[in-house]
Amino acid sequence: MAARSRFPAGLALDTHKQQACGTPIVELALPAQVVLALDQGTGYGAEPVVAVGAAVAMGTLVARTDHPFASALHAPLAGTVVAIETRAAAVAGGRSVCIVIAGDGSDRVDDGVTPVPDADALSPDELAQRLRAAGIAGLGGAGFPTATKLASARDRRAQTLLLNGAECEPWICCDDALMRSAADDVVLGALILRRAAGAVRCVIAIEDDKPAAIAAVTGAIGRRRDDALTLEVIPAVYPQGAERQLVTTVTGVEVPSGGLPADAGVICQNVATAAAVARWATSGEPLLSRVVTVTGSGVERPCNVRAPIGTPLAALIAASGGYRGTPLRLIAGGSMTGRALPSDEVGLTKAMNCVFVATRDDIGARLGAVELPCIRCGDCASVCPAGLLPQQLHRAALADAHDALRDLGVRDCIDCGLCDYVCPSQIPLADRFRDAKRRLDEAAATAQKAADARQRHELHMRRLQEAATAEHRAFEDVRRRVRQPGDDPTDGAD
Amino acid sequence: MSTDAVVMAVLVAAALAVTLGVALGWAASRIEPDADSLVERIDALLPQTQCGQCRYPGCRPYAAAIAAGAAEIDRCPPGGAATVRALAALLDRPPRPLDPAFGGPKPARVAWIDEERCIGCARCLPACPVDAIVGAPRQMHTVIAAQCTGCELCLPPCPVDCIELRPVPAVSLRYRQPRAA
Amino acid sequence: MRFDTSPAPHVIAGYTVPRVMFQVLLALAPAGIAHVALFGPGLLLQLSVACVTALLAEAAALRWRGRDAAPALRDGSVLVTAFLLAFSIPPLLPWWLGALGTALAVLLGKHVFGGLGQNPFNPAMVGYAILLVAFPAEMTRWPVPMDVDGTRTWSELARMSFAGFCGADLAARWDGYTGATALDSIRNGLGLRYTLPELLARGDIAGTFGARGFAWINLAALAGGLYLVSRRIVRWHIPVAVLGGLLVPSFIAHGLDPGIALGPTLQAFSGATMLTAFFIATDPVSAATSDRGRLWYGAGIGLIAWIIRTWGGYPDGCAFAVLLMNLAVPFIDRYTVPRIYGRQP
Ligand code: SF4
Ligand code: SF4
Ligand code: SF4
Ligand code: SF4
Ligand code: SF4
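Chains as they are written, first to last, in this note's numbering: chain A, 1 to 494; chain B, 1001 to 1181; chain C, 2001 to 2345.
Everything labelled a hint here was simulated from the structure, so no lab data went into it.
These numbers were taken from a predicted model, which means no experiment stands behind them.
Wrong hints could be hidden among the right ones.
[Stated by the list, open to error] Dumping the calculated DSSO-like pairs for lysine-lysine here, alpha-carbon to alpha-carbon at most 27 Å:
id	chain 1	residue 1	chain 2	residue 2
1	B	K1106	A	K437
2	A	K449	B	K1106
3	A	K449	A	K437
[Claimed, not checked] Which stretches of chain C does chain A cover? Using the computed rule of at least three CB atoms under 8 Å from a CB of chain A, they are:
id	stretch
4	2109 to 2117
5	2217 to 2224
6	2289 to 2297
7	2310 to 2321
8	2334 to 2342
Every residue gets a Cβ at the ideal spot worked out from N, C-alpha and C, and that includes glycine.
Let the sequences and hints guide you as you build the complete structure.
Written as structure tokens, this is what we have:
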């Protein structure tokens, strides 16, 4: 049953999963306050629909959106909106407008939260609509709204729903914990998503280093008796869980460069997202909480916690026994792609699957790294899961050679950080590539703006010229009319 | 080595040189760009701010002047050193610093009209080379920030000095870090 | 609490250039022991002069180029160059030739191109090739190894190595103690129209499985090389390709004409074969980039070495083979770009 990895390379890493995965999921008591960032990690924000001072109950809509890349937000606890202001957040740029809600300790639930009577009776379109309204977004780390993905899958007639339970990144194990404790939810959600995506089959892919999750999901699938619902055990290789790489491992088809998995006939969803869909279908509850791994040498008791979205990270860390030793970095995500956060006051986002509190024990090698010139050893190329030549990309990035960057495929870089990880010269390759991508974007935007300006200028000049000609003609007209013919011999010519 | 061999060697080398020379000359004549397309290519490297700081009435006239050899490549302050470098590469000339006589590089800015003070005289409208100002006589005027090039040409005509340049609003270039789950 | 916000990834494997270089030096140790046991302590003398010269030359070059010398000296790459050169030159070489070769290797082979990572040629082989062309007599005079029957003792070898190192005239006192290498002797013998079996029957050229003396060094280098491959410091592509490129043609040629063509075993265990395959050709800086490119690159080295050994004017063509293939690297890289995921080939 086990498939081979079929993407270019990858590497088996030290997973560090046992730290957090030994214990059952901890249910966090409702925090005193939550900080809901309007931008939940996709770079696009929702718009608040409540004002400061408004009373909210559990599940009250507090921010809505029409943007396909943003997701609606609901109050995860009953209480009062105490602030809507820019604060530190776990998003690109480090700041976002946040809605701050102080809890009143009650468990009042919004009237709008009622069980979905019959999810099976809803059409795929209605389903997607309801999922969007429930604020359901990818819980695997990207935070991308599920409904948007479903729509693109239906547009491209994707036939396969691929449920991503790979969880390949070191330190993170919230999906593993969820699959072990709520496999039936995962499977129920998978079936709903399959219908919403218009797919005919569903494959749940789990890495082979999670035998307990595999057993639980196998059992849940068995209880369903659905031939078009299967489990695929895949090798534990980083970055197996990256969308494109996973699609290739499971289906053997490559996602075209610059395309979406749906172009290869697949729509990917995370197992935790499926579980959230099941929660919504059974209780009508919008996305109010998620399971997050709190781990690293910097916390006392690494564990998985189910916590309301917006819970300040400090509260999560307190639930894990508090800080230990000298925490140096607070990382949202795992050790390979996680984003280091400036403070523990930021709120949990939908996209945040892990809070990794790193001490020198965890990241010492990186801290002590001294960059040397590239020795062209090729180690980076031999691990790159996108089949790139990072050493040459790096040369192009340093020279800011945009054409070379494009030809060498900087856009195909999935930012997995493996090249960086193996480079004996300790060059921060992944970050250089992120930078290069940003510069390419900027250059493209500037070029676009210049092209627009040129065009508008040409129109402007033409208009001025036409106006001038028209004025001239009008002037000549007047002259002809006021002068007597024959007055001026040169005038007869026209 | 006999003299014959030496003579042969010299002859072969000479023949080779002549052939290659002719071939290169022919190739050069084939790829000589015509003047128009050269103007296009120079224009493509100019920032299209249309500010006239180069003392030409816009980027394209300046491009034509460069192509005709009438102007040096160091007169465009909005483009800055990067544009001079790109021009130098295109024209195969040594890069040179920007000529300060034409102004210095400035941070990217866009115009902003203080709508409280605007009297709706509409004098700024024709001044804008890219029609980035909207408004009608006796109405309040507004700059479309996304289209404004920051050329400052709208400042002098305004009788009440209600136009000012402000830093470009945060670009919505959001580079999203994709994640391996 | 405030935290630092450095970019991902937050962990690295920690295989740094200095560690890699140290492992390479470690893997050379078995070959070094064999070398000293069979050819006397000349290698140690050459190593010391090469290392000192290399460090000095590196420091001087960095000074000239206005760089900070300390990190570059600590990265250890220049020591690897010194070691490889010292292993390649005869242990009897006068110290000033060793020093000259090393200085040329570091300056001409590395720094004129811009230092670590920039050199298109393997620096050690640049130094070696210059010495070989300029001083052919000195560069082909080796001690007769200990495993050739005779009445020599290791202490005598040691004294001779020291004398040679100081530049004394060896012919006067140690006439019977020096000679050509096995490959050289075979080439000369074949030139005098002896057949290969006749030459091998003499017993002073080759033993049971390879050249006298060199067989053991090659075996030790093979062991060290396999260690590097097992630690993944060297990937298998280049060594396998080099050996394939050398041994397959020699196997065929030997099958066709056993009278003059050296068989694969003899090829594999004489001269600098294993050193080249595992330590010299695998220098990443001057090798091809992609795995596929490295197969071509290695095969080219093996094949050229075989051609030079068979028809060329030098007994062991490894150095020239490496330099020639270094020259071909941009070409190989151009045509072996791996296919990017998601793109049409
Ligand atoms: S970060 Fe990009 S270039 Fe580096 S290994 Fe990953 S995909 Fe390849
Ligand atoms: S791993 Fe580092 S040193 Fe090696 S080729 Fe890649 S960038 Fe260069
Ligand atoms: S100075 Fe530059 S931007 Fe301004 S008009 Fe001249 S070429 Fe265009
Ligand atoms: S609005 Fe003013 S500054 Fe902006 S482009 Fe028009 S004239 Fe120039
Ligand atoms: S010139 Fe000044 S006052 Fe007149 S319309 Fe423009 S902004 Fe308003």
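Here's how the hints hold up against the structure:
Simply put, K1106(B) and K437(A) have alpha-carbon atoms about 25 Å apart, close enough for the 27 Å limit, and the pair holds. Distance restraint check for K449(A) and K1106(B): the Cα-Cα separation of roughly 18 Å lies within the 27 Å cut-off, and the hinted pair is therefore satisfied. Restraint check for K449(A) and K437(A): satisfied, since their Cα atoms lie roughly 18 Å apart, inside the 27 Å limit. Counting residues of the stretch 2109 to 2117 of chain C whose CB falls under 8 Å from any CB of chain A gives 3; the rule of at least 3 is met.
Counting residues of the stretch 2217 to 2224 of chain C whose CB lies closer than 8 Å to any CB of chain A gives 0, which falls below the minimum of 3, so the coverage claim is violated. Check on the stretch 2289 to 2297 of chain C: 4 of its residues sit with their Cβ under 8 Å from a Cβ of chain A, so the three-residue criterion for coverage holds. Note: the stretch 2310 to 2321 of chain C has 0 residues with beta-carbon separation from chain A under 8 Å; the three-residue rule is not met and the coverage is violated. Judged by the Cβ-Cβ criterion of 8 Å, the stretch 2334 to 2342 of chain C is covered by chain A as claimed, because 6 of its residues qualify and three suffice.
When each numbered hint is compared with the structure, violations occur for hints 5, 7.
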